[in-house]
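Once you've looked at the hints, dock chain B against the given chain A.
Here are the chains, one letter per residue:
Protein chains: 2
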Amino acid sequence: MDVFLAVTSRREVRDYADRAIPEDAVLRILDAGRISGSSKNRQPWRFFVVEDPQLRERIAKSVYAPGNVHGAALVVAITVSGKGPTTFDAGRAAQNMMLTAWNDGIGACPNGISDAEALQQALELAEDERTATVLTFGYAARPRDPERRSPEEWITRADRKPVDEVVRRL
Amino acid sequence: MDVFLAVTSRREVRDYADRAIPEDAVLRILDAGRISGSSKNRQPWRFFVVEDPQLRERIAKSVYAPGNVHGAALVVAITVSGKGPTTFDAGRAAQNMMLTAWNDGIGACPNGISDAEALQQALELAEDERTATVLTFGYAARPRDPERRSPEEWITRADRKPVDEVVRRL
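These protein sequence lines map, in sequence, to chains A and B.
Converting from the first sequence to our numbering requires adding 353 to each position, the first position being numbered 1.
Converting from the second sequence to our numbering requires adding 353 to each position, the first position being numbered 1.
Treat each hint with caution, since some may be false.
What the hints assert, rightly or not - Per the computed footprint, the stretches of chain A lying under chain B, defined by three or more beta-carbons under 8 Å from a beta-carbon of chain B, are:
#, stretch
1, 354–363
2, 367–378
3, 388–394
4, 399–413
5, 476–486
6, 493–502
Unchecked claim - Lysine-lysine pairs mimicking BS3-like chemistry, simulated, CA-CA at most 27 Å apart:
#, chain 1, residue 1, chain 2, residue 2
7, A, K414, B, K514
8, B, K414, A, K393
9, A, K514, B, K393
10, B, K414, A, K514
11, B, K514, A, K514
12, A, K393, A, K436
13, B, K393, A, K414
14, B, K436, B, K393
15, A, K414, B, K414
16, B, K514, A, K436
17, B, K393, A, K393
Hints in this document: simulated from the structure, not taken from any laboratory.
Since this is a predicted model, take the numbers as computed values, not measurements.
Using N, Cα and C, we set each Cβ at its ideal position, and we do this for glycine too.
For reference, chain A alone in the conformation it holds in the complex (with noise of 0.2 Å):
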């Protein structure tokens, strides 16, 4: 898929079928995610895979919406630790896997964390390690097609503030 479309189209998708993500796909994601740029290509990050039912269901229980977590079929989450942007890189490894996975057809979501120390505890992390984010990816329950719309469609169709608000040119 072409990159504008890509970045046009996609939606979270929070709602996914029942139908699993073929490994080379998964790899594709994670790969994603690794390959990222970041602040002195310290590579701040870990990306732990939860395949585990019982260790699914407590990342279920650190995040806001544990139904993402239940329902999805490719649990990621992504820690950082280190000094610099770790953060902000975060975001940049959490986009390239999401749009690689849009790529395939496959939705995603990053999930807000509710409880960090369970999340902590779970996953075992490092004193200085932190989650930065919890990806849930499916299939979509009610799949679109990017194709059917030309970006600027795909733009002007999404609810976001108008260009003036958010751009200044000085």
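Relative to the frame of chain A, chain B by itself:
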């Protein structure tokens, strides 16, 4: 360009050719930021396109690598304010913008901030607003063709930690 090829082939570009970016490409880059997903759709950002030479000089002095700003065809400061994971969201927007640029053959680089206060004053930010990054864009002085390798080859050649160091399956 295919999303996965864009994700895997893009590298930070810091040395720019003396060549302007067409206005339609500038608008795509800004829209790619504006359309980005964010926590609770708060869209916590503003995008400052810095064109005035004197203001540019002040921006250059407030980042670690002033030369990137001096050489860039387009300079965009992303600021954030308010509650929530705003820095993470800024990372998502920045990645959308840099991938969209790369889709048009345009390089980019996020610039670390050395003097946040100077930047605050130069951009006349609100008290609770701060700059997440300064993105510099331009055609590469030494261009390279993403199509000349496969995504897998781009990954293999990147200076990144191996999979077993950053990915854990639980």
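Right, here's what the structure says about each hint:
1. Counting residues of the stretch 354–363 of chain A whose C-beta lies closer than 8 Å to any C-beta of chain B gives 8; at least three are required, and the coverage claim holds.
2. Check result for the stretch 367–378 of chain A against chain B: violated, 0 residues qualifying (beta carbon to beta carbon below 8 Å, three or more required).
3. Counting residues of the stretch 388–394 of chain A whose CB falls under 8 Å from any CB of chain B gives 5; the rule of at least 3 is met.
4. With 8 residues carrying a beta carbon less than 8 Å from a beta carbon of chain B, the stretch 399–413 of chain A meets the three-residue requirement, and the given coverage holds.
5. With 3 residues having a Cβ less than 8 Å from any Cβ of chain B, the stretch 476–486 of chain A passes the three-residue criterion, so the hint holds.
6. Note: the stretch 493–502 of chain A has 0 residues with beta-carbon separation from chain B under 8 Å; the three-residue rule is not met and the coverage is violated.
7. As the CA atoms of A/K414 and B/K514 are separated by approximately 31 Å, the hinted pair breaks the 27 Å bound.
8. Restraint check for B/K414 and A/K393: satisfied, since their Cα atoms lie roughly 19 Å apart, inside the 27 Å limit.
9. A threshold of 27 Å between alpha carbons decides the hint, and for A/K514 with B/K393 the separation of about 13 Å falls inside it, so the pair holds.
10. In summary, the hint linking B/K414 to A/K514 is not supported, as the alpha carbons are separated by about 31 Å, beyond the 27 Å threshold.
11. In summary, the hint linking B/K514 to A/K514 is not supported, as the alpha carbons are separated by about 38 Å, beyond the 27 Å threshold.
12. Restraint check for A/K393 and A/K436: satisfied, since their Cα atoms lie roughly 10 Å apart, inside the 27 Å limit.
13. Between the alpha carbons of B/K393 and A/K414 the distance comes to roughly 19 Å, so the proposed pair stays at or under 27 Å and holds.
14. A hinted pair counts as satisfied when its Cα atoms are at most 27 Å apart, and B/K436 with B/K393 qualifies at roughly 10 Å.
15. About 46 Å separates the Cα atoms of A/K414 and B/K414, which puts this hinted pair outside 27 Å; it is violated.
16. Pair hint B/K514 plus A/K436 holds up; C-alpha atoms about 17 Å apart against a cutoff of 27 Å.
17. For the given pair, B/K393 sits about 30 Å from A/K393 by alpha-carbon distance, which is inconsistent with the 27 Å threshold.
Of the numbered hints listed earlier, those contradicted by the structure are 2, 6, 7, 10, 11, 15 and 17.
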